[in-house]
Structure formats: C-alpha cells, structure tokens
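Make the complex out of the two chains shown on their own, each in a separate frame, by following the hints.
So the protein sequences, as listed, match chains X and W. With our numbering, letter number 510 in the first sequence gets 510, and the count goes up by one each step, no holes. With our numbering, letter number 57 in the second sequence gets 57, and the count goes up by one each step, no holes.
Calculated from the structure, these hints are not laboratory results. Only true hints are included.
With a straight-line Cα cutoff of 30 Å, these simulated DSS-like cross-link-like pairs (lysine-lysine) come out:
| no. | chain 1 | residue 1 | chain 2 | residue 2 |
| --- | --- | --- | --- | --- |
| 1 | W | Lys47 | W | Lys18 |
| 2 | W | Lys72 | X | Lys104 |
| 3 | W | Lys47 | X | Lys96 |
| 4 | X | Lys169 | W | Lys47 |
| 5 | W | Lys27 | W | Lys83 |
| 6 | W | Lys47 | W | Lys28 |
| 7 | W | Lys83 | X | Lys104 |
| 8 | X | Lys450 | X | Lys436 |
| 9 | W | Lys83 | W | Lys72 |
| 10 | W | Lys18 | X | Lys104 |
| 11 | W | Lys18 | X | Lys169 |
| 12 | X | Lys167 | W | Lys47 |
| 13 | X | Lys169 | X | Lys104 |
| 14 | X | Lys104 | W | Lys47 |
| 15 | W | Lys18 | X | Lys167 |
| 16 | W | Lys27 | X | Lys104 |
Everything numeric in this text was worked out from a predicted model, so none of it was measured.
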Amino acid sequence: MKADTDPRELPALVKAPTGIQGLDEVTYGGLPEGRPTLLCGAAGCGKTLFAMTFLYNGATLFAEPGVFIAFEEQPAEIIKNVSSLNYDVQKLIAEKKLLFDYVKIERTQIEESGDYDLEGLFIRLGYAIDSIGAKRVVIDTIENLFGGLQNPAILRAELRRLFEWLKDKGVTAIITGERGDGTLTRHGLEEYVSDCVIQLDNRVTDQLSTRRLRIVKYRGSAHGTNEYPFIIDEEGITVMPVTSAGLAHDAPTERVSSGIPDLDMMLEGSGFFRGASVLISGMAGSGKSTVSSHFADAACRRGERCIYFAMEESPQQIIRNMKSVGLDLQQWVTNGLLQFSAKRPSLFGLETHLAAMHRQVMRFEPAVVIVDPLSALLSAGKPDDVQAMVLRLIDFLKTRSVTALFTSLTHGNVENARTDVQVSSLIDAWLLLYNKEYYGEHNRQLYLLKSRGMAHSNQVREFLLTNRGIQLREVYVGPKGVLTGAARRQQEYNDAAANAVGQEESERRKREAAYKRRQIEARIAVLQADLAAEEAEAKLLGSDATPRAEPLDWRYVRPQEEP
Amino acid sequence: MASEGYNLRLYVAGQTPKSIAAIANLKKICDAHLAGRYDITIVDLMKDPALAQRDQIVAIPTLIRHLPEPLKRIIGDLSNVEKVLVGLDIAPTG
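Okay, chain W solo, but in the shape it has when bound (with noise of 0.2 Å):
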C-alpha cells in the first residue's frame, strides 16, 4: 500500500480562476483513480514565495508528483484529464 502511495503537490498563486479548477479537477481524478490512495497538498506562492525557486516551479497551476519515485510535473489546469493520467503513469480504471 505504501509503494503505491501518491504523494502529490499542487502549486498555485491566489485564487485564481485557474487555480480554483486545478484544484477540483486534481480532487476528481484522484477520487476515480487514486481512491483512497493519495495525498494532496496545496501550496499557494503568494504566502510563500521563496518555495517557486526552491521547487523550480515557473508555470502555474504546477502539480509535483513526489511519490511514487521518479518525480513528474504537470502544468496547467488539469482539465485533460488524459494527459494528467499520462503525466501520473495511473493505467486508467474502468
């Protein structure tokens, strides 16, 4: 269970339209696919802006897929649902 742990990181700047949907829309895919299985954590630069340098982040929405081992990035807003299966290596269920 732990190997197949996500540990996930989505990096947004304010309220932004954009960051509101990267949020809903990663909640919803990680429900359909990651059920019970991953850990999300939001981190707004505008309160903490020395991270953006720290985690390389230049775009955003960004998300970091920390765990399982390699580290992915995705940008965007998450609305490709496919691309972001792609870009977390989750085979699609169903």
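Pulled out of the complex, with its shape left as it was, chain X reads as follows (with noise of 0.2 Å):
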C-alpha cells in the first residue's frame, strides 16, 4: 500500500494491510506483519469489532486465513455480533479460512496443585494455526488468564513466551488488552507486546460520545500520533485521518456556475473556482437554503454529483420548500445525481460527523457538497472543536477538488458581519445575505464579502426569491443610501415627481426670462429712436453755427422725465 512509497518507512519492517479505512493510511501500511500487536482500551471501545475486521479482512481481502482466540466471548456471540456489519463469518468457517476457538476458564471449577504451564494453550493454537495455515491470529482478551488462573508468577512467564512463540510463528497477531487504572492494560501486557500498540477509546463529553484510535508506539516505523476518530456501523470500522500535513491543494482555474445567472454575473460573469469554499451567512430567514440548492441544482445540471448534509432540515422539507422557488431538486435524487444526508448535529460527536462526512464522501465522490447550516454544528462540540473540524472537512474536501458551500447562520447586523464559526480566513468567497427594515418590510439583499482570485464585483444587491428562482437586482444607490423593496420604489417616484416639479419651475423661468428680454428690447428701441432724434437736432444746430442748445436742451428732455 502506501508503505512502499513512504521515504520514512524503514525498508526491513513488512507490514499487513489491516484493510480498515483509514488506519492503514494512519500506520503507513499496516500492523507490524508477523509480530503481535497489542490492541488496548476500556471495554466497550470496539477492540473485539476491530481485532474481527482484521481477521475478516485479512481472510476476503488478502487472502489470509486467520484464527481467533476467544477468552471472553462464546464465537457465535462474536459471529452474531459481527453479521450485523454483513461479516459472512459462517461461510469463511466452511471455506477453512477462519477459526475459531473458544477458551473456556473458570476458576471456581480448577484447583491448583503444584507446578505447571500453559503448554495447553500453546497446542491448541498451534494446532489452529497449522489447520488452516492460518496468517493472523486474534487473541481476545487474553488476560482473562488472570482471573481464572491463581499463580501470576506462572502467567507472566508464560505470557512472556507465547509472545516470542507468536513471532517464532512468523503470524501477525493483534492481542486485545482492557485498560487498567493507569496503565494501558490491567496487567500490563504492553511490556510483553513492544512492537506496535494501538489504543481504542470511547470517550463521552457534553452526552455525546465519540471513539478514537491512537497508535501508542509503533516499533521502527512511523506514525500518525495524533487520535483520530473512528466510527463503527453498518458498514464497518472507518478511521479518519483527519488532517492532511500541508496545504498543498491543485488550484483549479475552472469555473462553476453558481446556480444563479446574476450572481454569476457578479462573480466575473462565470461563477466560483471550481474546489472553493464558499460561505454563505446570513440571518434566519435570509435564503441560505434557497442559494444552496441553487447551486445544487446547477451542478446537477452539470450532470455533477452533489451532496446536500442537511442539519435542520429534513430532504422532504428542502425539496418541497424549494419548489415554490421553481427548483425542482427531486428529479436529482431520483436520478442520483443529488444524495441528501440529513443528521441531527446532537445525534453525535463531532468527530464522528466529520469521520461520517468524509466517508460518505469518499463513497460517492461528489463535485459538490454542501453543509446546511454548519452553525448548527455548534450544538456537537465546542467552538474550537467546530472550528477544527470545519478546517479539517475543508481541508479534506479541497485536496478532493470537492466545491464546497456552507451556510452559516448569523446574529446581528451586517456591520459586525461574522460567523458563528470562525472559518472566514479558510473560505474562499463569503456571501453576505441579510434582511433590511424600511417602511415597514424586510427586504433581502446579498454582497458579495469576498471572492479570492477574482474581480468580483462589490456591489450590494436587493435578492428577490421568485418562482423562477432567485434573481438580484441593481439596488437604487442614491444620496439617502442602498434602497430596496419599497423604499427603493418609494424613492423612484419622488424621483420621477421631484422632477416633473423642477421642469415647470424651468419653463417659468424660461419665460419669465423671454418677457424680460422682449421688455428690455423694447427699451433699447426707445433708447434708440430717441438717439435718432437727438442726431437729427445736432445736425439742424450745426448748419446754425450758433451753439444755442441750452434752451433747447432743456424742451426736449423734459418730458421724457415726466412719464
């Protein structure tokens, strides 16, 4: 597997492919092969579900018989427990590529007396081994020994040597141990078993459990050291190996529509980088579920895969409302383009929702996926929890080139915009919607926060939700701010008013300006008759040559004064 391409990995150390997903990645190929493993954790953790899945794999997958020593449980127990993760254990019984043995010690029907050894138990499971040339051996929970055997002296001895006989065996055995009061086993198996150890734990905070896997040590090889989650159900043992080291995604340049022809418009006219991280936050009620299933809807369109998790919401309630917005997202899920997953965010641990996600995910390889809403993840940990998980998923989703669209649900106005979950700085384009009051109705609108490389554009929309989907519009920008609804329609007519008013006014003036014009002109040609008449005199006093003007002067103009 992965082992062999690991320049970490020392060349001499063989290992066998547990085939449980997830924890192969986790040790860089799998239990150290031939030596025993000791599996440890407090009862209950899954360790006998594992050491089985082991066994099981090995036998289907690998082709490698294997044989089960069972000290606790009665094999059909173990057999009955395992169908319901569809283990056809039966058939591989018939098929001689499993074995089971059931060891039974009772104290209170064994008296002691003198000396001796588990020589017994070695033949049994040679004899099991050599049977069906078995390769793994499972040993479950071997320190029962101590509660049915009375010399300790004599069990650690033989526990001593069982191990070396293992490895003499050349078998890849995995040993389960219960945990004890501060030490890994109750009787401290983990100094007999030093090559690998792997502890199981099934850990309850806020009510909600979540199990976790860590490998200990791990003897010459290495290793993810952190816990990682693991979740067990129907379809077996998952672990999760949560985060990637780098961040070394590919950058695609592709573009996918958003679903909506105007925001795409306002998104370089061709939507987001294929691979972004999208969020949408918003107020109850401001459509981030409409522009989600928009986008789900256009990228099966593409004939993409989607996945829709679905926190709130159940899938009947989502593609009935979005038919009234003209969506019809139930043609997808017949046609299996569209997977809703809808869980309760309180349902589980967060761990176990993202090792849950990464899975379906990995299952049905979608192009899309979206989280509606991811605040409503708050509710299955702690802030930083989320916030982790939620890098962890984005992390995971954009080495998968997966084009991811969360919502958010925020409080509050826009000025103090921010997420519940703290995860901006991990998104790629951040889409504001709110609701704006005015004269008596809300009105949503959509702006476009951030959109990393591109030109996008920043303008504040008014977001209309008709029956044929979302459409925006331009927003009246004018001295008294962004108006929508209305306001915006309110504003439009004072325009349209304010101007027929100024129009009169102008005609007024305009001809109160000509009256004044011809008045003036009409003064001017008075001005000038009377210029002529004055000439016509200095020219009749001229051919006089007696300058006699005063008396004259003083005719003329006189009654030009009186009027």
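So, in structure tokens, the structure goes:
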C-alpha cells in the first residue's frame, strides 16, 4: 500500500494491511507483519470488532486465513455481533479461512496443585494455526487468564513465552487488553508486546460519545501520532486520518456556476472556482438554503454529483420548499445525482460527524458538497472543536477538488458580520445575505464580501425570491443610501415627481426671461429712437453755427423725464 | 462399586519433567486413597493436539475427573497431595 512509497519507512519492516479504511494510512501500511500488536482500551470501545475486522479482511481481501482465540465471548456471540456488519463469518469458517476457538477458564472449577505451564494453550493455538495455514491471529482477551488461574508468576512467564512463540510462528497477531487503572492494560501486557500498541477510546463529552484511536507506539515505523476518530456502523470500521499536513491543494482555474445567473455576473460572469470553499452567512430567513439549493441544482444540471448535508431540515422539507422557487430537486435525487444526508447535529459527536461526512464523500465522490447550516454543528461541540473540524473538512474537500458550500447562521447586523463558526479565513468566497427593514418591510440583500482570485463585484444587490428562482436586482443608490423594495419604489417615484416639478419651474423661468428680454428690447428701441432724434437736432444746429443748445435741451428733455 | 469408581484423565504434553512428575504423583495418590477404584487415562496432546480444544485444556498438566460426576479439574504436577484430594473430593483415609 502506501508503505512502499513513504520515504520514512524502514525498508526491512513488512506490514500486514488491516483493510480498515484509514488505519492503514495512519500506520503507513498496516500492522507489523509476523509480530503481535497490542490493542487496548476500555470495555465497549470496539476492540473485539476491530480485531474481528482485521481477521475478516485478511481472509477476504488478502488471502490470509485467521484464527480467533476467544477468552471472553463465545464464538457464536461474536459471529452474531459481526453479522450486523454484513460479515459472513460462517461461510469463511466453512471455507477454512477462519477458525474460532473459545477458551473457557473458570476459577471455581479448577484446583491447582503444584507447578504447571500453559503448554495446552500453545498446543491449541499451534494446532489451529496449522490446520488452516493461518497468517493472522487474534487473542481476545488473554488477560482473562489472570482471572482464571491463581499463579500470576507462572502466567507472566508464560505470556512472555507466548508472544515470542507467536513471533516464531510468523503470524501477525492482535492481542487485546482491557485498560487498567493508569496503565494501558490491566495486567501490563504492554511489557510483552512492544512492537505496536494501539489504543482505542470511547469518550463521552457533553453527552456525546466519540470513538478515537491512537497509535501509542510502533517500533521501527513512522506513524500518525494524533488521536483519530473512528466510526463503527453497518459499513464496518472507518478511521479518519483527519489532517493532511500541508496546504498543497490543487488550484483549479475552472469555474462552476452558482446556479444564479445574476450572481455569476458578479463573479466575473462565470461563477466560483471549482474546489473553492464558499460560505454563505446570513440571518434566519435570509435565503441561505435557497442559494444552496440553486448551487446543488446547477451541479446536477452539469451532470455532477452533489451531497447535501442537511443539519436542520429534512430532505423532504427542502425539496418541498424549493419547489416554491421553481427548483425541482426531486428529479436529481431520483436519478441519483443528488444525495441528501440529514443528520441531527446532536446525534453524535463532532468527530463522528466528520468521519461520517468523510466516508460519504469518499464513497459518493461528489463534485459539490453542501453543508446547511455549518453553524448547527456548534451544538455538537465546543467552538474551538468546531473550527478545527471545519478546517479538516475544508482541507479534505479541497484535496479532492470538491467545491464546497457552507451556510452559517449569523446574528446581529451586517456591520459586525462574523459567523458563529469562525472560519472566514479558510473560506475562498463569502456571500453575505441580510435583511434590511424600511417602511415596515424586510428586504433581502446580498453582498459578496470576498471572492479570492477574481475581480468580483463590490455592489450590494437586492435579492428576490421569485417562482423562477433567485434574481438579483441592481439596488437604488442615491443620496439616501442603498434602497430596496418599497423604499426603492418610493424613491423612484419621488425622483420622478421631483423631476416633473423642476421642469415646470424652468419653463416658468424661461418664460420670465423671455418676457424680460422683450421688455429690455422695447426700451432699447425707444432709446435708439431718441438717439436718432438727437442726432437729427444736432445736424440742424450745426448748420446755424450758433451753439444755443441750452433752452432747447431743456425743452426736449423735460417731457421725457415726466412719465 | 460402580458409583464409587473414579474415571480420571491426565493431559500431558510429551515427556517433560512436569508430566513425568504428575503421572507419578497421581499414581501414588490413587494407590493410597482409591486402591482398586480408579481408572487413569494419560492423554499426550503432542500426539493428539485436537483434543486440547475439544476438552478445553489450557494448562499442562491437567487432571480431569470424569466420574464420579460432576466434572473436576486439577492443574499442576499434583505435588500438593492435599489439594489433589480436595480437588477430587476424596476424604483422606487413615
């Protein structure tokens, strides 16, 4: 598997793949081949199931028959328990690929007299291994011997011998052990099994349980050191190697439509980048799910697969609601392109949610993933944990070039726009949806807060839910700010009215000006007439050559002054 | 007499010192306390390993009392005579 290519791997160490999704990645290939591995944890954390899966996968996937030595449960019980995982153990037993041996030890029925050893167990084990050519062995839980036999000194010596003997046999073994008080196992098995120790844990925080796995040690091999969540369900065991180390995602330049032509126009006319993580935040009822559904619809129209993780609404409800805006999502569900996954956030812990999402994405291989709303996950963990989880999810989706759309419920107004889940820095494109109240109505607005790597529109748009889907309108931008809805209509009317009034006024002014001009022109005409008369008089006097202008002047001018 | 008969099986693994000691100890105890009333079968698991699973043998040597009922098990080389007598429900004679 991966072990071949990992440079940190010591070439000498051969590994036996477990076939458990995720575990082989965390261990860079599986368990140490031909050596015993200690699997420890408290009661009920899944040890037996883990061990059984190891054998089952060995027999079915890797042609390695296995022996299960049970100290605790009757084989019939174990077989029954794993049949819920669709493991057909009976068939494998019939085909001699699996062999069960139940070792019954009851202290009350045994008297001890003198020295003994566990050669009987060795003979049983050896016989079982040889009879089917087993390569894998599970011993579950050998510590029960301590309850059945009285002499711990003999037991310890014999256990040491047993693990050496298993190595000599060359079988890959899992030894399970129950967690002790302050120790990995109650009787210190970790002293004897030192090649590889894996710890399972089932912790309950805030009433939510999360199963986790940690590789305590793995001699001679690199391994992931974190706690990895795992889930057990009808599909078996899945371990989540949650964080990839770097930020080495591909950066596709291909664009995908948002499903809303007007929104695409705001994004350089072609939509989001493929593989981008898009956040839509807004208050209740601002249209987050509708935008999400458009996106899902667009993906399906392109013939791509899409998973819609619905955290608050049931799929039926979403499908019904989207009909009212003209989206038929049912057709995509029917033809298999759209998969709804509706899980209550409080159903299980955060890690389990993440693990379930991972697996669903890996199985369905969608091009588009929608989580609606992301903020609902807050109820499944503490904000820090949610952020860490979202980071892992975004990371995971990016490495697979899955375009992801998350919605987030916000409170308060736009000015302090921040999402409850503080993920904005991880997000490539962020759409804000909000309601603004004017004149007794709320109007939806949309604003593209950011969109990395493109020249996006910086305009606020009015956001309309019509029966033909979402439409964005250019908002009214005037001296009174951005107006939408009734306010916008009112303003448009006011503008029109104001225009009309202005026109009348200017007409009046024009008329007034024309009148004044005519008056002035009339006066000019009179003055010119006077001037002409004056000039004629001057000519007359000039011919007399006597300047007797004064009495004459006076006579002429006087009547002019009178009116 | 039949109800008093002891049917005993001693499981060993090859000729180990413990096995040899157990066989000798058992014979001695039976001769002393169950003279004429016992029947011992020695089972060597090295020769017949499948019996280990069938008869639920873990420790070696293991002595199983099949008769009289109920079934009793004693493990060890049977060097502690008192424990063997308790384990086999034999009242010490003498």
